[in-house]
Structures are given as C-alpha cells and as structure tokens.
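Mapping of the sequence shown onto the working numbering: residues 6 to 152, in sequence order.
Take these hints with a grain of salt, some might be off.
Here are the simulated DSSO-like pairs of lysine-lysine, each with C-alpha atoms no more than 30 Å apart in a straight line [stated by the list, open to error]:
(1) 91 to 128
(2) 115 to 148
(3) 55 to 122
(4) 81 to 44
(5) 100 to 115
(6) 122 to 148
(7) 122 to 100
(8) 81 to 91
(9) 122 to 44
(10) 91 to 122
(11) 81 to 100
(12) 44 to 100
(13) 41 to 52
(14) 100 to 41
(15) 41 to 81
(16) 148 to 44
(17) 44 to 55
(18) 81 to 52
(19) 55 to 41
By construction, these hints were calculated from the structure, which means they are not laboratory data.
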Amino acid sequence: MGWTNSVPIFHDDITFILQPEILHNMLSFIDDVGAKEPKDWKIVNGKPAKHPANSNICLALWEFFELLNRILQQMKYCGGTFSGHKLILCAPTFKILGHVCTPSGRMPDKSRLALIKQWGPCKLLLEVQAFLGTVGVLRIFVKNFAH
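Input sequences plus hints: build the corresponding full structure.
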C-alpha cells in the first residue's frame, strides 16, 4: 500500500491537532491553514475598542494574534512545523488554491484563468484529467459547473 493514503492521513492529523479552532476560527486543507479574521471589531464611539491593559492596541487584533499563537503552539506541541517562506500573516490579499482572497471575498487567480484560456484541445485522457483538475479548482466561480 505504501504512501497511498498519506494525504488523507496527513489531513486527518492536521484536523485533529487543530480541532479546538476548526470551524470557529480557522479552516485547513491538507497542509494549508487559514485563520479567520475577527468578525466583531467591537466599535466604541466610532473607533475600534482598545485592549484594557494597553490603550495603544486594538482589541480585535490582539484577539486575532492570540488565535494565531494558539494555532502555532498547538502545532509546535505536536512537533509540527510551518514553512517560513510560505507563511503569510495579516495580509490584505493572498493566493491559496487558485483563489485570491481579499477583504471583499474570493476571486479566481488571474494566472489560473490565463492558463485555462491558453489550454489547447485535449487529445489524451491524461490531458482531459489535467484540464478538469485545473478547472475544478475554480468551479465555485462557474454557475452549474457540474451540469
């Protein structure tokens, strides 16, 4: 059997390690972990609420960094690591799995769209499978994709 089930087993391991945060604060997809931004910015008098112990710190950002710390500590406790060059913290936009995530929502990655537009006719089954795999990542942007 070898490495046949290595991807689902790895995903199950990540899900188990981070289960206290999953659904409420983060999502994972195999080896990609995304933390959700604060939904409640706790606006007081038209401005974000400040941390009670330090009025120079936005409370929502403090809570978000506590979440990031919990995720990192849970992975560290279990012997997991993160890739430093792939790590993105507090970015206004970022690319993940063929999507560009922004504060206003997700959009298809333009490089992925360009690749699909330039794709020639498929002649072999493997070419069809490769095309469907590439297009399938963006299926949420295509109405009735599977019909």
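Evaluated hints:
1. 91 to 128: Roughly 35 Å separates the two Cα atoms, so the pair is violated.
2. 115 to 148: Within the cut-off at roughly 18 Å; holds.
3. 55 to 122: Answer violated: residue 55 to residue 122 is near 48 Å, above 30 Å.
4. 81 to 44: holds (27 Å)
5. 100 to 115: With a Cα-Cα distance of about 10 Å, the restraint between residue 100 and residue 115 holds, given a limit of 30 Å.
6. 122 to 148: holds (18 Å)
7. 122 to 100: Answer holds: residue 122 to residue 100 is near 19 Å, not above 30 Å.
8. 81 to 91: holds (17 Å)
9. 122 to 44: Violated, at about 37 Å.
10. 91 to 122: holds (27 Å)
11. 81 to 100: Satisfied, since the Cα-Cα distance of roughly 25 Å is no more than 30 Å.
12. 44 to 100: Judged against 30 Å, a Cα distance of about 21 Å means the pair holds.
13. 41 to 52: holds (21 Å)
14. 100 to 41: holds (15 Å)
15. 41 to 81: Judged against 30 Å, a Cα distance of about 20 Å means the pair holds.
16. 148 to 44: holds (28 Å)
17. 44 to 55: At roughly 16 Å apart (the allowed maximum being 30 Å), residue 55 and residue 44 satisfy the hint.
18. 81 to 52: violated (35 Å)
19. 55 to 41: The hint holds at about 20 Å.
This entry does not satisfy hints 1, 3, 9, 18, going by the numbered hints stated previously.
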